[in-house]
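With these hints in hand, go ahead and build the complete structure from the sequences.
FYI, in the numbering used here the residues of the sequence shown are 1 to 256.
Derived from the structure by calculation, the hints contain no laboratory data.
Just so you know, these numbers come straight off a predicted model, no measurement behind them.
This list has only true hints and no planted wrong ones.
Derived CB-CB ranges, DEER-like:
1. P187 to F225: 13 to 21 Å
2. N238 to K189: 19 to 27 Å
3. N238 to G100: 39 to 47 Å
4. G100 to L216: 40 to 48 Å
5. P187 to L32: 40 to 48 Å
6. Q138 to F225: 25 to 33 Å
7. I188 to S14: 15 to 23 Å
8. S190 to T222: 15 to 23 Å
9. R88 to D235: 22 to 30 Å
10. D235 to G63: 35 to 43 Å
11. A181 to Q30: 23 to 31 Å
12. Q138 to E163: 18 to 26 Å
Here are the simulated EDC-like cross-link-like pairs (lysine to aspartate or glutamate), alpha carbons at most 16 Å apart as the crow flies:
13. K8 to D27
14. K52 to D17
15. K207 to E217
16. K8 to E164
Ideal Cβ positions, reconstructed from N, Cα and C, are used throughout, including at glycine.
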Amino acid sequence: MNLIENIKKIRINSVDDIKPSAEHFRDIVQALCGLKIAASHNIARSNTPIDKSGELLATSVFGWEGTNKDWWKTESLALNSPIVTACRYENEPFWINDQGIHSRIENNFLKEIDLVKFSQRAMTHAAIVVPVHMPFGQIGAVSFNPLSRDHHDLTEFYNKYSEELGIYSHSFINSYVNVSARTPLLPIKSKLSRREVECLRWAALGKTDHEISLILERSRATVRFHIHNATTKLDAVNKSQAVFKATQLGYISIKR
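The structure is reproduced here in structure tokens:
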């Protein structure tokens, strides 16, 4: 079966499709490389997808046991797992074990990630991982794990299958988030002006209203006016939340 047909099978178009699409995803990956899927649509909380009846796909489809030791029940995973940390600094598929993090394009950030007690902290001994970066700063991830604990080197699997696994993972996670999204937390219709964005960018860098007024050569009252307008448009309660929401929407970013 070709790639396009597989994508159509994996993509979720409604809540009714969630479980069938997950089953297609599992079967396609099993036929392709025999790896076990672990999927999270929000690594900040170790969230794992559910079907329309609230049943965990991890147990009902992807073959995880549903015990207290399962990865999504481990509260420290979002903060301590090297896999989760790597997903915050990489947006292309990579593979990882206790010896290193391997990606197609060199990423110096990945070299700094601590891999001590890798298996214990990551709850796997090796995995191909696909980070899925979405709107509003949300990050999902899909890891593909070998069934045998003796299978530590995924170089061959990564070289053969990572591109295809990446496409399937993005299709599954993105479509899942879209169909399961509830009331939007961020305003859609309001647009910030150039000056409002400029003021928030300087605020994000820790500048006070007075310092921003000196930088922009405007009065402090003018700076406060623009920040107040931006705060109102973003439905934020204060400047700090306005900066956070503006960052989620991509108005503010850091230079690399």
